[in-house]
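Chemist: Listed here are the chains, written in short residue letters.
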Amino acid sequence: SSRWLVLAIAMVRFYMEKGTHKGLYKSIQKTLKFFQTFALLEIVHCLIGIVPTSVIVAGVQVSSRIFMVWLITHSIKPIQNEESVVLFLVVWTVTEITRYSFYTFSLLDHLPYFIKWARYNFFIILYPVGVVGELLTIYAALPYVKKTGMFSIRLPNKYNVSFDYYYFLLITMASYIPLFPQLYFHMLRQRRKVLHGEVIVEKDD
Amino acid sequence: MEHHHPTPLTLESSGWAPSWPWSGSGEKGPGTLRICRTILQVEILDAKTREKLCFLDKVEPHATIAEIKNLFTKTHPQWYPARQSLRLDPKGKSLKDEDVLQKLPVGTTATFYFRDLGAQISWVTVFLTEYAGPLFIYLLFYFRVPFIYGHKYDFTSSRHTVVHLACICHSFHYVKRLLETLFVHRFSHGTMPLRNIFKNCTYYWGFAAWMAYYINHPLYTPPTYGAQQVKLALAIFVICQLGNFSIHMALRDLRPAGSKTRKIPYPTKNPFTWLFLLVSCPNYTYEVGSWIGFAIMTQCVPVALFSLVGFTQMTIWAKGKHRSYLKEFRDYPPLRMPIIPFLL
Numbered sequence: 051s052s053r054w055l056v057l058a059i060a061m062v063r064f065y066m067e068k069g070t071h072k073g074l075y076k077s078i079q080k081t082l083k084f085f086q087t088f089a090l091l092e093i094v095h096c097l098i099g100i101v102p103t104s105v106i107v108a109g110v111q112v113s114s115r116i117f118m119v120w121l122i123t124h125s126i127k128p129i130q131n132e133e134s135v136v137l138f139l140v141v142w143t144v145t146e147i148t149r150y151s152f153y154t155f156s157l158l159d160h161l162p163y164f165i166k167w168a169r170y171n172f173f174i175i176l177y178p179v180g181v182v183g184e185l186l187t188i189y190a191a192l193p194y195v196k197k198t199g200m201f202s203i204r205l206p207n208k209y210n211v212s213f214d215y216y217y218f219l220l221i222t223m224a225s226y227i228p229l230f231p232q233l234y235f236h237m238l239r240q241r242r243k244v245l246h247g248e249v250i251v252e253k254d255d
Numbered sequence: 039m040e041h042h043h044p045t046p047l048t049l050e051s052s053g054w055a056p057s058w059p060w061s062g063s064g065e066k067g068p069g070t071l072r073i074c075r076t077i078l079q080v081e082i083l084d085a086k087t088r089e090k091l092c093f094l095d096k097v098e099p100h101a102t103i104a105e106i107k108n109l110f111t112k113t114h115p116q117w118y119p120a121r122q123s124l125r126l127d128p129k130g131k132s133l134k135d136e137d138v139l140q141k142l143p144v145g146t147t148a149t150f151y152f153r154d155l156g157a158q159i160s161w162v163t164v165f166l167t168e169y170a171g172p173l174f175i176y177l178l179f180y181f182r183v184p185f186i187y188g189h190k191y192d193f194t195s196s197r198h199t200v201v202h203l204a205c206i207c208h209s210f211h212y213v214k215r216l217l218e219t220l221f222v223h224r225f226s227h228g229t230m231p232l233r234n235i236f237k238n239c240t241y242y243w244g245f246a247a248w249m250a251y252y253i254n255h256p257l258y259t260p261p262t263y264g265a266q267q268v269k270l271a272l273a274i275f276v277i278c279q280l281g282n283f284s285i286h287m288a289l290r291d292l293r294p295a296g297s298k299t300r301k302i303p304y305p306t307k308n309p310f311t312w313l314f315l316l317v318s319c320p321n322y323t324y325e326v327g328s329w330i331g332f333a334i335m336t337q338c339v340p341v342a343l344f345s346l347v348g349f350t351q352m353t354i355w356a357k358g359k360h361r362s363y364l365k366e367f368r369d370y371p372p373l374r375m376p377i378i379p380f381l382l
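These protein sequence lines map, in sequence, to chains A and B. Counting from 51, one number per residue, gives the positions in the first sequence under this note's numbering. Counting from 39, one number per residue, gives the positions in the second sequence under this note's numbering.
Quick caveat, the hints were computed from the structure, so don't treat them as lab data. One should not assume that every hint holds.
As the list claims (entries may be wrong) - Quick list of in silico lysine-lysine cross-link-like pairs, DSS-like style, CA-CA up to 25 Å:
1) Lys-269/B with Lys-208/A
2) Lys-129/B with Lys-243/A
3) Lys-269/B with Lys-301/B
4) Lys-86/B with Lys-131/B
5) Lys-243/A with Lys-86/B
As the list claims (entries may be wrong) - Looking from chain B toward chain A, a few residues come up when the C-beta cut is under 10 Å (computed):
6) His-255
7) Pro-256
8) Leu-257
9) Tyr-258
10) Pro-261
11) Thr-262
12) Gln-337
13) Cys-338
14) Val-339
15) Pro-340
16) Val-341
Ideal Cβ positions, reconstructed from N, Cα and C, are used throughout, including at glycine.
Isolated chain A (complex conformation) (with noise of 0.2 Å):
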């Protein structure tokens, strides 16, 4: 089952980087078409089923990749050119070469230490720019929503509900406080254990 979980967010991602490429980046194509075959990679690479990394882990990043394409970057016209987009763009295509080709190489059983030591070193900056990305684009996204009232349902309505996208967003730049942390951390203890092989005594529940 969770074969499948990893698959499915494998193909969710090869749509995700397409989308991206298209509304983005029309005159990259040389990246276009270097990561579209990565991605195929990455079918291939869970159809044998060794993604190591925990379900939850893939699922915060692959919901707030999706988040960020789809209800940011695709739907708010205006901010495609800010340069926190471009910004995050590079992280994520930073981090996800690196990921793949470390994903490969082990599956090859050839890892050079430098693409393992990339893999666990790189992230320490890379997180943080990438998450100051995100967060700027999302706070430069912020004044159009709340001038045209998109993906928003007002008061009265025969369901009696409401939803307001701005206060949404505010919310989630908000939620970055406890969830980024969590992740970094996580990443840090995961690097002393590969890295250095220290042992790490978890808390069982």
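Add chain B to chain A, keeping to what the hints say.
Modeler: Chain B only, in chain A's frame:
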């Protein structure tokens, strides 16, 4: 907890061999048969660090785990019995309070591994808090207390009958739950971890506020099919509340006061309990039914979402309960499903 020993403890023996009837402190005259019981020693180690935390000697073989826990609390008062988990194996299951020392696979020195379960809080306290919240919070919205809706609506009353009806139903539901907690339910566990109260209260109180906000809103829209819809929904709600209460009473009667015995529940003369023929946990079935009724009555999406989340959680619980019934009773009725007849 001291034991009152009818015979004096005379030996610090660590062997199973009974001592000769005439050895000992000689309080009674020679020729008196004195039964010297084997005495056990107990050591308690930390399950993670294996550090020796406590050593008890002169422990009666018929002592229970509960008594051992009380003795342990004396040396470590911060670990009251409810937060102690004692096991024979560091990674094994917790021993029950009723387990008797000599019936366990231990030698003359029993070794137990201790795990701190964290701060504990009684089930009754948690239930009372998590149910009193929604009762009170809903009323704040019903009476349109200031700062919720615009100031021109402060302390006004809705012109829709269904809104008043909904308040009665919601309040009745939680008053019923509070009374059941105080007078009906018999809990098999005394306590739960403290962090649960924060989690549970956030869930109950949060959803109550969210639902109440829309139902009591000045811009509330009554159900599409009007009085017909409301009457039908009310009937569903009332039937399911009666059903839920009947099941709680039936479950209570299964278990005499103070005992922890478990038996298969069966239908009684009360027609509402006949659902036991088809379902292991009809109390959950009726509870979901009540909320579906309430959702139809108010035609409010947050209520529907609350019902859905509740249904998901109760299904998980029902499946667990069903599984443990099957494990414990060989003759468990095969027709029964966990929560939805024939389906789930």
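Chemist: State for each hint whether it applies.
Modeler: Status of the hints after comparison with the structure:
Distance hint between Lys-269/B and Lys-208/A is fulfilled; the C-alpha atoms sit about 18 Å from each other, no more than 25 Å. Restraint check: the Cα-Cα separation between Lys-129/B and Lys-243/A comes to about 23 Å, which is no more than 25 Å; the hinted pair holds. A C-alpha spacing of about 38 Å is found between Lys-269/B and Lys-301/B, which places the hinted pair above 25 Å, so the restraint is violated. Restraint check for Lys-86/B and Lys-131/B: the C-alpha separation of about 14 Å stays at or below 25 Å, so the hint holds.
The suggested pairing of Lys-243/A with Lys-86/B holds, with an alpha-carbon distance near 20 Å, which does not exceed 25 Å. Contact between His-255/B and chain A, as hinted, is supported at the beta carbon level, the nearest pair being about 6 Å apart and thus within 10 Å. Residue-level restraint check for Pro-256/B holds (minimum Cβ-Cβ distance to chain A is 9 Å; threshold 10 Å). Look at Leu-257/B: its Cβ gets to within about 4 Å of chain A, closer than 10 Å, so that hint holds up.
Because the closest C-beta pair between Tyr-258/B and chain A is about 6 Å apart, less than 10 Å, the hint holds. Among the interface hints, the one on Pro-261/B holds; its C-beta lies about 8 Å from the nearest C-beta in chain A, closer than the 10 Å criterion. With a least beta-carbon distance of about 6 Å to chain A, the hint placing Thr-262/B at the interface is held under the 10 Å criterion. Interface hint status for Gln-337/B: upheld, as the beta-carbon distance to the closest one in chain A is roughly 6 Å, under 10 Å.
Taken as an interface hint, Cys-338/B checks out: its beta carbon lies about 4 Å from the nearest beta carbon of chain A, inside 10 Å. Hint status for Val-339/B: holds, given a least beta-carbon distance of 4 Å to chain A, under 10 Å. Given the 10 Å rule on beta carbons, the hint for Pro-340/B holds: about 6 Å separates it from the nearest Cβ of chain A. Below 10 Å, beta-carbon pairs count as interface contacts, and Val-341/B has one with chain A at about 8 Å; its hint therefore holds.
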